[in-house]
Amino acid sequence: MNNRLKVLRAERNWSQADLAAKLEVSRQSVNAIETGKYDPSLPLAFRIARLFDLPIESIFLDEAA
Amino acid sequence: MICNPFSRNCSPAVRRYTRGIALTMGGYVLAVLGTSALVHRYPHPQGLILYALSAAPSLCIFSMLAVVVEYLRDEKDEYQRMLVVRSILCATFAILGLNAYTDFLRSYGNVGGLPPFTDFVLFWIIFGIAQAVQSMSGRADE
Numbered sequence: 002m003n004n005r006l007k008v009l010r011a012e013r014n015w016s017q018a019d020l021a022a023k024l025e026v027s028r029q030s031v032n033a034i035e036t037g038k039y040d041p042s043l044p045l046a047f048r049i050a051r052l053f054d055l056p057i058e059s060i061f062l063d064e065a066a
Numbered sequence: 006m007i008c009n010p011f012s013r014n015c016s017p018a019v020r021r022y023t024r025g026i027a028l029t030m031g032g033y034v035l036a037v038l039g040t041s042a043l044v045h046r047y048p049h050p051q052g053l054i055l056y057a058l059s060a061a062p063s064l065c066i067f068s069m070l071a072v073v074v075e076y077l078r079d080e081k082d083e084y085q086r087m088l089v090v091r092s093i094l095c096a097t098f099a100i101l102g103l104n105a106y107t108d109f110l111r112s113y114g115n116v117g118g119l120p121p122f123t124d125f126v127l128f129w130i131i132f133g134i135a136q137a138v139q140s141m142s143g144r145a146d147e
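Chains as they are written, first to last, in my numbering: chain H, 2 to 66; chain C, 6 to 147.
None of these hints come from the bench; they were simulated from the model. Any given hint could turn out to be false.
So, partial list: chain H residues that the calculated Cβ filter (under 10 Å) puts toward chain C [stated by the list, open to error]: (1) 25; (2) 26; (3) 27; (4) 29; (5) 31; (6) 32; (7) 33; (8) 34; (9) 36; (10) 44; (11) 55; (12) 56; (13) 59; (14) 65.
It should be emphasised that the depicted structure is a prediction, and the values quoted were computed from it without experimental measurement. For each residue, glycine too, the CB sits at the ideal point set by N, CA and C.
The following block holds chain H by itself, in its conformation from the complex (with noise of 0.2 Å):
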């Protein structure tokens, strides 16, 4: 799944170990949600959500629709 999660962490000149930070996880999954590797689950989905005050259909892009 696509996702705007790179662009929209330079926007707030956030390292991916910022973002990591601020979200609770490893530097490692943020680098791999960013490269498409692996699609969040739906609650880790929200908090990142929430982080960016965005919904999520925004920042993740449903290749299908």
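Given chain H, work out where chain C should sit, using these hints.
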């Protein structure tokens, strides 16, 4: 997943896991050395003593597996959890496949067969390799 248990860079679950594995592995080595020494001194144990001597190192192995299960329960980072589960599956499938192969060798030609205790050691070696490969593949994407 191995880290310095005193480091703050590791999650609490990884710190507990590392400490748990070090303790149970140490216990296993002591149990093997102790029971081997007893068997060497009093050869061919029988009955309850035989069962007790065999159970001592086996219990340490069960404890090691319990430490892994506890880690999977405690780890909050779902991606790290997935990597560990993937490594466990990889090691389990490799060991099952290898055992099936050596079983056929034994059945058809009465040859082959892994030496005793190989399974457990091989499991951890393959688990470690799978963890390293996944970690390197993650770094390559950065």
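Results for each hint:
1. 25: holds, 7 Å
2. 26: holds, 5 Å
3. 27: holds, 5 Å
4. 29: holds, 5 Å
5. 31: holds, 9 Å
6. 32: holds, 6 Å
7. 33: OK, holds: residue 33 of chain H within 10 Å of chain C, min 5 Å.
8. 34: holds, 8 Å
9. 36: holds, 5 Å
10. 44: holds, 8 Å
11. 55: violated, 21 Å
12. 56: violated, 21 Å
13. 59: violated, 22 Å
14. 65: Status violated, d = 23 Å.
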